[in-house]
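One line per chain: the protein sequences are A, B, C and D, in this order. Residues 1 to 337 (our numbering) make up the first sequence, in order. Residues 1 to 337 (our numbering) make up the second sequence, in order. Residues 1 to 337 (our numbering) make up the third sequence, in order. Residues 1 to 337 (our numbering) make up the fourth sequence, in order.
Rather than coming from a laboratory, the hints here were simulated on the basis of the structure. Computed from a predicted structure; not experimentally measured. Be a bit skeptical, because a hint or two may be false.
Any copy, or any two copies together, can satisfy a pair, since identical chains are not distinguished.
Said to hold, decoys possible - In the BS3-like style, the derived pairs of lysine-lysine whose C-alpha atoms are separated by at most 25 Å in a straight line are:
id: 1; residue 1: Lys328; residue 2: Lys151
id: 2; residue 1: Lys20; residue 2: Lys324
id: 3; residue 1: Lys18; residue 2: Lys335
id: 4; residue 1: Lys173; residue 2: Lys61
id: 5; residue 1: Lys71; residue 2: Lys195
id: 6; residue 1: Lys327; residue 2: Lys151
id: 7; residue 1: Lys70; residue 2: Lys173
id: 8; residue 1: Lys320; residue 2: Lys199
id: 9; residue 1: Lys260; residue 2: Lys324
id: 10; residue 1: Lys70; residue 2: Lys8
id: 11; residue 1: Lys202; residue 2: Lys32
id: 12; residue 1: Lys61; residue 2: Lys328
id: 13; residue 1: Lys6; residue 2: Lys61
Number of protein chains: 4
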Amino acid sequence: MIIVMKPKTPQNEIEKIKCKMESLGCEIHESKGHNYHLLGLVGDTSKIDPNQIQANRNVEKLIFVQEPYKKVNRLFHPEDTLISVKNETIGGNRFTIIAGPCSVESEEQIVSIAEEINEAGASFLRGGAFKPRTSPYSFQGLREEGLELLKIAREKTGLPIVTEIMSVDYVEKFVEDVDIIQIGARNMQNFDLLKEVGKTDKPILLKRGMSATIEELLMAAEYIMSEGNENIILCERGIRTFENYTRNTLDLSAIPVIKKLSHLPVIVDPSHAAGLWWLVEPLAKAAVAVGADGLMIEVHNDPANAKCDGQQSIKPERFKSLIKSIKKIADIEGKKM
Amino acid sequence: MIIVMKPKTPQNEIEKIKCKMESLGCEIHESKGHNYHLLGLVGDTSKIDPNQIQANRNVEKLIFVQEPYKKVNRLFHPEDTLISVKNETIGGNRFTIIAGPCSVESEEQIVSIAEEINEAGASFLRGGAFKPRTSPYSFQGLREEGLELLKIAREKTGLPIVTEIMSVDYVEKFVEDVDIIQIGARNMQNFDLLKEVGKTDKPILLKRGMSATIEELLMAAEYIMSEGNENIILCERGIRTFENYTRNTLDLSAIPVIKKLSHLPVIVDPSHAAGLWWLVEPLAKAAVAVGADGLMIEVHNDPANAKCDGQQSIKPERFKSLIKSIKKIADIEGKKM
Amino acid sequence: MIIVMKPKTPQNEIEKIKCKMESLGCEIHESKGHNYHLLGLVGDTSKIDPNQIQANRNVEKLIFVQEPYKKVNRLFHPEDTLISVKNETIGGNRFTIIAGPCSVESEEQIVSIAEEINEAGASFLRGGAFKPRTSPYSFQGLREEGLELLKIAREKTGLPIVTEIMSVDYVEKFVEDVDIIQIGARNMQNFDLLKEVGKTDKPILLKRGMSATIEELLMAAEYIMSEGNENIILCERGIRTFENYTRNTLDLSAIPVIKKLSHLPVIVDPSHAAGLWWLVEPLAKAAVAVGADGLMIEVHNDPANAKCDGQQSIKPERFKSLIKSIKKIADIEGKKM
Amino acid sequence: MIIVMKPKTPQNEIEKIKCKMESLGCEIHESKGHNYHLLGLVGDTSKIDPNQIQANRNVEKLIFVQEPYKKVNRLFHPEDTLISVKNETIGGNRFTIIAGPCSVESEEQIVSIAEEINEAGASFLRGGAFKPRTSPYSFQGLREEGLELLKIAREKTGLPIVTEIMSVDYVEKFVEDVDIIQIGARNMQNFDLLKEVGKTDKPILLKRGMSATIEELLMAAEYIMSEGNENIILCERGIRTFENYTRNTLDLSAIPVIKKLSHLPVIVDPSHAAGLWWLVEPLAKAAVAVGADGLMIEVHNDPANAKCDGQQSIKPERFKSLIKSIKKIADIEGKKM
């Protein structure tokens, strides 16, 4: 951390800050330029509250040298983290496909889609039981019943299940029922929820918030890890920008950046990013090429009658041919499916 | 709602959609141009799911004519909504000042700040007990103890209290303890929480999410109203943009827009928007001039030792002089404090 | 400037950079932490090219302590710059109103609007002769003829004229014909144009680009000043964000920020920011309250038949009543009109 | 175009608008709902100015059904446009690599880089002679001398050359000297420049502006085409968003979207988007997978001493190995290099 003092700050004010910082356990490296006076804080800065420093009226600004996240930081954990879920591994040289409908609608629907994606080569079944919807008048999911139907689909196909949690009240039930708990984009900074799932050892799929920076996504993961749960899979699903032809702007640069900054696996959800079914295929292929560890794709056998997000779901046949293209690119990237 | 069919859609596909829409209770006005074929849906469109229409592969796009929110829409409720809290009224020709520290730190701190802002002319005391913090290593608030201290400050000053809720588990307690329940920007789309506070009749201060459009803010308010609670105060607190000199970009245009679209009162939080104490004063004055119904301002008696957000808090003396300027502009706008 | 070396950079690589920096005239303050090794550059850094440092594969990142702009920087020029145009002064304790139609359409139109705004209290007449339009099929302005009509309106009312230049080929003509040359948002980084107008001594009204940071706006002004022209008036006119109810998001926080960072006067254009006539009035008032040095407002006597941007133009009567409100707020702010 | 009238607009006002529209050559399809009254304009709407309609105070909003661009629209030109430059073709099933340094620095530099990229498999040499730089104190390019050096490199390698134009004054010279004229992101809406290059028949590489929507990019291309030049190659190079780990956010979704909306070829510049050399490789591969028609990549033999943007340039060896990966993915996509 580097404190930039305002031009013309009286020396005694600078001394006060130095004393305070030293009393909190830091060593101070001072550097005086023509206009600014810098105080570099070295050593253990964990007891220092940046906001307090910035609140000092003589401080021009505060510059951070080191990332604020620790447990998710690759600097302190150079090897890739691998997440084991039943017989599957996520991360490393594996490429993982999670697929399924936006929401669970009926036993017949979820079982038949599960069978189709299983046959096509997916490793996980996704399906929403509890649905965050922008409008209170839209379908809100089958809730507990949806969870039961997912379990039936899992039993019939062997595919482990991934589904979204929306409230701390359900953590216990999800730990028992599902294989990967998804935290959606809208809850990426629902800190109470992050802490609760952090106390379990269930794999967590953490989606990037619509307006979250990469650093904020990593800080959200840090919340989970700081409670003890190290099984985290990150997911890029598009950010909000001025361009609105697409629902969101898929930020594929985030993939190599995250892999540089953190040891956690990261997958891509092209369906929610684009919001348009015909964009899913090119974006999925690009995600493999850019180095993602997997994909989460919405597949529906009857999009025009889907209860949710049919416009971004692809049909099983198209999914099958997509998997074939993906495999070829994954091969080039040295990843196994 | 207007359905734009893809160029060259076969007539029988158009007929299918028409049939389906009619069976759901709509009348259809058809319009055929050179390249596109439009179907305008008139009448009761409440049973129609826009996503399903968009999922139809022959549909080019869907155009919405009417706003998706109903209960918060000024079209169906032309008069301003006034919110009564104890002896205070928010909205209409009143201009309301809510002030206090970012977080409650101690009895002495909260009581002394409450006394100062009370004397200066504020009508409500704010103070965080449960704090959403980006880092798990930052101060997370005094939680229940913070609520107790706020109640002591209320008793000593008579100021009603406003504080943020972070989890559905606390709704009952907040209803009992506080006067206005705040939903923070990060929880604006925590739909379970919106529904729960919607079932109470406690006034809700709903802050705009960092990347929420005005329409999404109004849809979040619709969630609360659709459960029965009509006591909602909206709050603009800055949106995320590419400009990062300021923490967020305060969107003051949103104030007259919201007042045109909705009957709900709307206030401005310049402290969180700017993130810098010296910007609070000019932005607060601009908020009055643009037509806001009130302000929420962070005030701390010792910002450099505040446990949270000291860099954006102003001191009581400055707050007092700010209130005087605000009063003059409020006068011009015909608002009473 | 602070160079952050990558963790584990070999010492000889660090020495190489130090040597190079010293040979370019800098003193180096070194600071070694647990993970990073910092090199602080003090003294004359003008010969250093930041891009070259960042291109060094051992450099993690480069941190800038000082602003990249010099001549526009308030640090080296603490007093407000005042711009004199004929009998008018812009900046300091003056509040300036520039008004007129989006584009000059005919002699009758521009003269009659000029007379109305003159009577209402405006100090400058604006009107586009050369128009940057998104579509090649839209009205592109009367060009040279438009300039002539502006001159007639000036003669009849005494109002100095402001109009936009679009190409270096016209600099000489504009210097002769107009009183303030406007550089539009789309040309804020047309560096050849900036340099050319920088070689004149004509006052320049420089509008912020739609996606320009405050720093980039100041760097554009630096281009002009570095060629010798110090008569620059900055203009905030809205930035592009995800919110699209309004054409752009007016960034009023930029006003106090610019006044802190620079000595140049800054005005606000609420018409282009909002893109909707009924937003002009509240935003104009907010601009006065936030501390702007003036306003540029589109006024048209027949918006529904305007050849350009009628939807954001207000009528003369409304302009007159707006001027009255503005005067009252300017009074509170200690500004004279 | 659909006009949405305000609720409760008097019938005579609606009649006035209808008359006006009909007099301009449109047919009107009327549709009256509970709250809104819609007027659909069918037929030749070319004489209608949308701004004038929106300026009518009884009009709630205007909805566009059809795209505003015509000549670049795939609807009226279903086949891919192929651009011929010397022996090369861009578009269709060709995948084109343009490579070279950010700026031309010396004969030795440009010739040796040209030889290396030629050997590696690039088809075009890029290099900046006229450089748009944010700071007036940065290297501004060798200008005319740079053009001469590019011509020498072309002569020695046979590679056609691509370089950026910054001012209308140079159009004639560029037409004579270079093979593809580049319009940079900052000049995407320099309409005078677009018109001038539109009058030539030289291939134009048009880069998307940093905050330009896809529609605005296509409208800029329309400017060029409306003057007669149909040889346009579009280029995605990143847009400005709130995420600032990367210089810009590369919007790869734009590629399939542009290919759907327009018949023009579109390439990707990963170097400027990312601003970091280690991101160029993954983003380049993703660009091939997402369906781009080519890449423009910055290559420098000595990035740490480059006069410009060394931090985003890759070295020739890395470029060679990248080309091999790209070839494999291009194969899968059915594209030839």
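Hints, verified against the model:
In this assembly of identical chains, the alpha carbons of Lys328 and Lys151 never lie at most 25 Å apart, being 32 Å within a copy and 41 Å across copies at closest. Taking the shortest alpha-carbon separations for Lys20 and Lys324, neither the intra-copy value of 61 Å nor the inter-copy value of 36 Å comes in at or below 25 Å. In the homo-oligomer, the alpha carbons of Lys18 and Lys335 never lie at most 25 Å apart, since the shortest distance is 51 Å inside one protomer and 42 Å across protomers. Within a single copy, Lys173 and Lys61 get their C-alpha atoms no closer than 46 Å, and across copies no closer than 40 Å, so neither meets the 25 Å cut-off.
Taking the shortest alpha-carbon separations for Lys71 and Lys195, only the intra-copy value of 15 Å comes in at or below 25 Å, while the best inter-copy value is 35 Å. In the homo-oligomer, the alpha carbons of Lys327 and Lys151 never lie at most 25 Å apart, since the shortest distance is 28 Å inside one protomer and 44 Å across protomers. In the homo-oligomer, the alpha carbons of Lys70 and Lys173 never lie at most 25 Å apart, since the shortest distance is 30 Å inside one protomer and 35 Å across protomers. Within a single copy, Lys320 and Lys199 get their C-alpha atoms no closer than 38 Å, and across copies no closer than 46 Å, so neither meets the 25 Å cut-off.
Taking the closest pair of Cα atoms, Lys260 and Lys324 come within 25 Å of each other only across two copies (23 Å); inside a single copy the shortest separation is 28 Å, beyond that limit. In this assembly of identical chains, Lys70 and Lys8 lie within 25 Å of each other by CA distance solely across copies; the values are 18 Å between and 36 Å within a copy. Taking the shortest alpha-carbon separations for Lys202 and Lys32, neither the intra-copy value of 51 Å nor the inter-copy value of 40 Å comes in at or below 25 Å. Within a single copy, Lys61 and Lys328 get their C-alpha atoms no closer than 50 Å, and across copies no closer than 33 Å, so neither meets the 25 Å cut-off.
Proximity of Lys6 and Lys61 under a CA criterion of 25 Å is satisfied in both settings, with 8 Å inside one chain copy and 23 Å between copies.
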